[in-house]
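J.: If you read the sequences in order, they're chains A and B.
Numbered according to the working numbering, the first sequence spans residues 6 to 104.
Numbered according to the working numbering, the second sequence spans residues 8 to 142.
All the given hints hold, so there is nothing to weed out.
Okay, derived cross-link-like pairs now, BS3-like style, lysine-lysine, Cα gap no bigger than 30 Å in a straight line:
1) B:24 - A:49
2) B:96 - A:65
3) B:24 - A:65
4) A:65 - B:68
5) A:65 - B:83
6) A:57 - B:24
7) A:83 - A:100
8) A:83 - B:68
9) A:45 - B:122
10) A:52 - B:24
11) B:29 - A:65
12) A:45 - B:83
13) B:68 - A:49
14) A:45 - B:68
15) B:105 - A:45
16) B:122 - A:49
17) A:56 - B:105
18) B:96 - A:49
19) B:24 - A:7
20) B:105 - A:65
21) B:24 - A:56
22) B:29 - A:49
23) B:105 - A:83
24) A:83 - B:24
25) A:52 - B:29
26) A:45 - B:91
27) A:45 - B:29
28) A:52 - B:96
29) A:52 - B:105
30) B:96 - A:45
In silico negatives: residues of chain B with every beta carbon more than 10 Å from chain A:
31) 30
32) 40
33) 45
34) 91
35) 106
36) 117
37) 120
38) 124
39) 126
Honestly, the hints are just simulated from the structure, not real lab data.
Every residue, glycine too, gets a C-beta built ideally from N, C-alpha and C.
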Amino acid sequence: MKLGLFFSDLHGIEDTYDRINSQELGVFLVSNGIYHAVLKENGKPSKILNKKGASFYVLKEDLHTRGFSEGEVDSRVKVISYDDLVDLVMDRYEKLAWI
Amino acid sequence: MGLKNKIMFVVQRPPYKSEDPKLALTHALSSGVTSIHIDEEVVPTVAFIGDGILNCVRDQKSMEAYGIISNERHIKNMLATDTKTLVCKEDIERLGIKEERLIDASDMGADMTIKVVPFNEILKEMEENDHLMFF
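This is chain A alone, in the form it adopts within the complex:
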């Protein structure tokens, strides 16, 4: 399964996420999910980013809305625009889900 997961929260989703496995996994950090890409809670990057084999994307517009910039994004996360998001959703992933 090629799965695209949308994250729109900072807390409360880790348990489900930890148990999800997929042949190909894309994690889209949107809305308040963008904080996983930029914050270091208690000095550490988000555990969400530790998932092996997953691709991570953060939506530029949501990043800027919340006062953060590309330079603050974790190196494991790719900054994408809405156009990029649409291309990825249409071309790369078979299933999409909001977590």
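Position chain B against the provided structure of chain A, taking the given hints into account.
T.: Positioned in the frame of chain A, the structure of chain B alone reads:
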């Protein structure tokens, strides 16, 4: 003016996904108008705790990205109208937000700044207010 009503708005949710923080800010801002219509002076205090402190990060570009007024703009208006605004020290440290990243309204001529305080001080402020509202 008759009675004095102290109302504390406690913002605990991060910005934008939920309307709650924006409601707290606009309610606090409207306190001055409320005083005109009822015979009570309304004195608001706004405190940001937990993930709610993320409302106070500066340079929010929601107008450019989505055409909506930013929470930063509301907070700057609050500061410009001398609304006491507190941010929990423990929470900004936990989330790694440095004090220089917090919103400042000096460009609008505001004397009031966001005050970073320990949670105990926010608790004391809660005790001193007549009403508490959590958002």
